[in-house]
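**Q** Residues per chain are reported as follows:
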Amino acid sequence: MDNFTRLLALMAGDEKHDPASYSTLDVLRVLYERVLSVSPATVDDPRRDRFLLSKGHGPAAYYAVLCDRGFIPESWLRDWATFDSPLGHHPDRNLIPGVEISSGSLGHGLPLAVGTALGLRAQGIDSRVVVLVGDAELDEGSNHEALELAAALGIDALTLVVIDNRSSSYAVPGRIASRLATEGWRVSTVDGRDHDELQAALSASPRAGAPSAVVATVLDEVAAA
Amino acid sequence: MTATVTPLLRDPRAQFGLTVTDLMGEDLSTALVLAEISARYFGEALRRHPERVVNVGIREQLLVNVGAGLALTGMRPIVHTFGTFLVERAFEQVKLGFGHQGVGGVLVGGGGSFDASTSGRTHQAQGDIALMDTLPDVVIHAPGTAAETDEVLRRAVADDGLHYVRIVEQTNTESFAGPGLHVVRRGSGGTVVALGPVLDEVLAATAGRDVTVLYAYAVRPFDAATFRAVLTSPEVVLVEPWLAGTSSRVVADALPDVPHRLLALGTRRLELRHYGTPAQHQRAHGLDAAGIRRSLDAFLDA
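Chains X and G, in that order, give the protein sequences. First residue of the first sequence: 1, per the working numbering; consecutive thereafter. First residue of the second sequence: 226, per the working numbering; consecutive thereafter.
With the rest of the complex left out, here is chain X:
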């Protein structure tokens, strides 16, 4: 049993939980293990990379990764979402070290990430800002305001990761990638379970003048559900 299976089981109680049922786990692991420059020691460093989990529902995989990387103690996992726990079913940045935004209501993370990237740029800080959304979350119109501005202002410190597990109603195949490309984003589509593919896409040096997006396709979760 690997550490993630064990940590996720702490939150799931007696239920058996297969890490494959968490669509975000592999992306989160690759970001924290191989891509982002942030650690428990640098959570308040203005020059840290920022990761914003916009898709705040179902944060068990996020908490497991934060625990595995030493941001939060393992003792927090077992009684999560109880009254005095810092860990809710939606994360709160005011309660959890290393959490950049409080999320839960969909469609707020990308706009906040655009503002964050602009704030860093205005201060001459060249850190990356990575924001994770779900494909159905992109149904929220607020995202479209943000992705247009990010391209128009050439915010190349910004990376959008879309977990595409085909949960959007009225989805059109390929729409997300083509929409982003039309706006001027640099877009790649990868297997959301393949750590090397994810690493290559997420580590690619940003193109000057354009934000980047990685559409991570995760279909096994849908098949298992």
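It is possible that some hints are incorrect.
Listed below are several chain X residues computed to face chain G (Cβ distance under 7 Å; list not exhaustive) [claimed, not checked]:
1. T5
2. P97
3. L112
Now the stretches of chain X that chain G is said to cover, found in silico as 3 or more residues with beta-carbon under 8 Å [unchecked claim]:
4. 26 to 38
5. 188 to 197
Not close to chain G: a few residues of chain X, all C-beta gaps over 10 Å, as computed [as the list claims (entries may be wrong)]:
6. L10
7. D68
8. A81
9. H89
10. R93
11. N94
12. E100
13. T116
14. A117
15. L153
16. Y170
17. R175
Keep in mind that the hints were calculated from the coordinates and are not lab data. All values reported here derive from a predicted model rather than from experimental measurement. The C-beta atom is built at its ideal place from N, Cα and C for all residues, glycine as well.
Assemble the complex: chain X is given as a structure, and chain G must be docked to it using the hints.
**A** Frame of chain X, contents of chain G only:
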């Protein structure tokens, strides 16, 4: 009466442009976020500080969250459009982007209840103060003159909490300095509390009546201490140029142990469906001097 300050300009909105441009030069942590509206006041700020002035276009949800994102990096955002789009349209962004993230900023809503009198309901924000008042620890200002606008903006930008500044074209003749309630007139037959740019109408409506008139452009927090200290009779009249009853709760909270009667005047809950001038809208809501006088007489002589 409190000492007055010479108005720097006559128009509070132009003063907003001047003061913010000035503040952005003084404090490098400030940033200005716009959604097209009022951009003409900020040409100089944009030329001087292109990296700290962002016009997001006609995207109000983004407007608010870009401001919140800037605050997450330690900057002091000033976020502006018409109040109806800033607060009423994008309220969840205000609630979550600022309130729930736990970051501060200065939200500046223009237009108020009457400025866009020819534009109809779509451009009128009568509920902005009531909505902002649902959030914890928000400081709410309704300056009644250009000088008060200048004072409020400087104080709000220097602070680190969440502020809402309501800027409208309607003004009072006299400027007052500082937060809290100002005692404009003392009397013994009731207390009239004027909030924001309704003081001229209140003074005209109360002429010849033996009442105390209090004025504040600091809407929240409400100065309960001064209010209690000057109260001489159980009759209290609130006059505020936004949704009637918005400040009734702070009067009730200030007087839990004092039997009192309250008349709460403000804009009425109705779809007016008329155009014309701001003065005509004030009259339609009973907020002109004659309308206030009628309500006051009926209440105090009851």
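**Q** Hints first: check each against the structure and report whether it holds.
**A** Against the structure, the hints:
1. T5: This interface hint is violated because 32 Å lies over the 7 Å limit.
2. P97: Status violated, d = 14 Å.
3. L112: L112 of chain X check passes; min Cβ-Cβ to chain G is 4 Å, inside 7 Å.
4. 26 to 38: With 0 residues closer than 8 Å to chain G, the segment 26 to 38 of chain X misses the three-residue bar; violated.
5. 188 to 197: The restraint on the segment 188 to 197 of chain X is violated, since only 0 of its residues have a Cβ under 8 Å from chain G and three are required.
6. L10: holds, 27 Å
7. D68: holds, 25 Å
8. A81: holds, 17 Å
9. H89: holds, 15 Å
10. R93: Given a closest Cβ separation of 6 Å, the condition is violated.
11. N94: Not fine: 5 Å to the nearest Cβ puts N94 of chain X too close to chain G.
12. E100: violated, 7 Å
13. T116: Non-interface label on T116 of chain X violated, nearest chain G Cβ at 4 Å vs cutoff 10 Å.
14. A117: violated, 7 Å
15. L153: Violated: least Cβ distance 8 Å, not greater than 10 Å.
16. Y170: The claim stands: Y170 of chain X keeps its Cβ more than 10 Å from every Cβ of chain G (closest is about 21 Å).
17. R175: The claim stands: R175 of chain X keeps its Cβ more than 10 Å from every Cβ of chain G (closest is about 21 Å).
Hint compliance for this structure: hints 1, 2, 4, 5, 10, 11, 12, 13, 14, 15 are broken, all remaining hints hold.
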